[in-house]
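S.K.: Sequence:
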Amino acid sequence: MQTQQLAMAAAAVVMLGMPTAASAVAQPERAQVSLKTMDYQDRQDQASRIGVKAQSSHWVLPIGAAWALEAGTVVDTISGASPAYYTARRSFAPVRDERRAQDIKASHYWRNQRIMLGQSGSKEVDYLSRSHVFMYSRSTPDNNTTLDLGAARTHDTINPVTRLVVDEKKTVTELLLGLTQVVTPRDLVQVQWVHSSGQGYFNDPYKLLDARPDHRRTDALSLRWNHHRPQTQTTARWQARVMEDSFGIRSATLGLDLAQVLTPQWTLTPSARIYSQSTASFFSAPDPNRPDVPFIPNNFVLGQSHISFDQRLAAFGALTLGLKLEKKITSNTSVDIKYERYRQRNAWSLHGPNVEGLDDFKAQFVQLGLTHKFGR
Numbered sequence: 073m074q075t076q077q078l079a080m081a082a083a084a085v086v087m088l089g090m091p092t093a094a095s096a097v098a099q100p101e102r103a104q105v106s107l108k109t110m111d112y113q114d115r116q117d118q119a120s121r122i123g124v125k126a127q128s129s130h131w132v133l134p135i136g137a138a139w140a141l142e143a144g145t146v147v148d149t150i151s152g153a154s155p156a157y158y159t160a161r162r163s164f165a166p167v168r169d170e171r172r173a174q175d176i177k178a179s180h181y182w183r184n185q186r187i188m189l190g191q192s193g194s195k196e197v198d199y200l201s202r203s204h205v206f207m208y209s210r211s212t213p214d215n216n217t218t219l220d221l222g223a224a225r226t227h228d229t230i231n232p233v234t235r236l237v238v239d240e241k242k243t244v245t246e247l248l249l250g251l252t253q254v255v256t257p258r259d260l261v262q263v264q265w266v267h268s269s270g271q272g273y274f275n276d277p278y279k280l281l282d283a284r285p286d287h288r289r290t291d292a293l294s295l296r297w298n299h300h301r302p303q304t305q306t307t308a309r310w311q312a313r314v315m316e317d318s319f320g321i322r323s324a325t326l327g328l329d330l331a332q333v334l335t336p337q338w339t340l341t342p343s344a345r346i347y348s349q350s351t352a353s354f355f356s357a358p359d360p361n362r363p364d365v366p367f368i369p370n371n372f373v374l375g376q377s378h379i380s381f382d383q384r385l386a387a388f389g390a391l392t393l394g395l396k397l398e399k400k401i402t403s404n405t406s407v408d409i410k411y412e413r414y415r416q417r418n419a420w421s422l423h424g425p426n427v428e429g430l431d432d433f434k435a436q437f438v439q440l441g442l443t444h445k446f447g448r
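In the numbering used here, the protein residues as written are 73 to 448.
These are computed hints drawn from the structure, not numbers from a lab.
In this text the structure is predicted, and so the values were computed from the model without any measurement.
Be a bit skeptical, because a hint or two may be false.
What the hints assert, rightly or not - In silico SDA-like cross-links for lysine to any residue, where the CA-CA straight-line distance does not exceed 25 Å: (1) LYS241 with THR229; (2) LYS108 with VAL167; (3) LYS125 with LEU334; (4) LYS410 with LEU334; (5) LYS410 with PHE372; (6) LYS195 with VAL147; (7) LYS108 with SER348.
To be verified - Ranges between beta-carbon positions, derived for each pair: (8) GLN271 with THR234: 21 to 29 Å; (9) ALA119 with THR402: 42 to 50 Å; (10) LEU236 with ALA119: 24 to 32 Å; (11) ARG301 with LYS195: 41 to 49 Å; (12) LYS434 with HIS267: 29 to 37 Å.
By construction, the Cβ of each residue, glycine as well, lies at the ideal position given by its N, Cα and C atoms.
With the hints as extra help, turn the sequences into a complete structure.
M.R.: Shown next as structure tokens:
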């Protein structure tokens, strides 16, 4: 459960859910394998908190003239300590867990169309997850416009080691609608809307008095724009996303990756991403004069009221800066290294209201990768 709850760690590993990358509806021409290893560490109040080490693999295999298989694996090892409420160090609880995840997807291609069916699963000591995904894509004959329709359903079973609950369930259904358009020979734009509806157990059993609604609806709208400048061999990849959910959280993300070809073998990609969110309606903010003590409202009724002291539900802003260096060893093989630093502060929220008394959150992320394509 702890691994599932770590948003930063989850973002750092391979995603096994619905595909989001813009691509024409065409069968992959060659088999490919990608291997990655990742190290993640966060800090708060000058103390190390959660550390994650992960290894992932992703395989693509074209079959015949109209089929393709994709498969992926992820193994996370997590250790450290996580606060039971707010950011108080004295409430840190030790964490040690391992998560194993796998996914497989089969795609059929015909007449500028693709149908993809997939299944994924993950398991850790206190959390079991199973997902099914469907995706239909259709391109115009010139491949300049692609429409994506998708659906996914996830079933989770939660058994925290504290035995606070036993065999709690959560089910989430996602719907996706996307449009990708080649605007000019140098510009590619994608608009995507994702609706998510969940029912079941959304509490964090490792947080003090955590009682959240048993349903959650989320709507997210994203925009991607890739612009290439052949004169400088530079590609700018912009991303923007807005989200709102039934917990009362509204968020916005803006990011830019700038891929610069240095030589035929070397590519350098600096990146920046800013994020802001509002406070969940049931988050109980700390008293600024006593930030290490959980603040319980006078109208709180145990077993009836919704409440949480989880800092991730407070309003905050965040900045991520990164740098990726890629080297082509041969025409078929490349290696890369990526480094990112993340800084989160409640005063940086553009949504408000400002929450005082919570420590800044910092994290760093290092990833090494190898990609090889088979055949000519």
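S.K.: If you check each hint against the structure, which ones fail?
M.R.: The structure conflicts with hints 3, 5 and 7, although it agrees with all the remaining ones.
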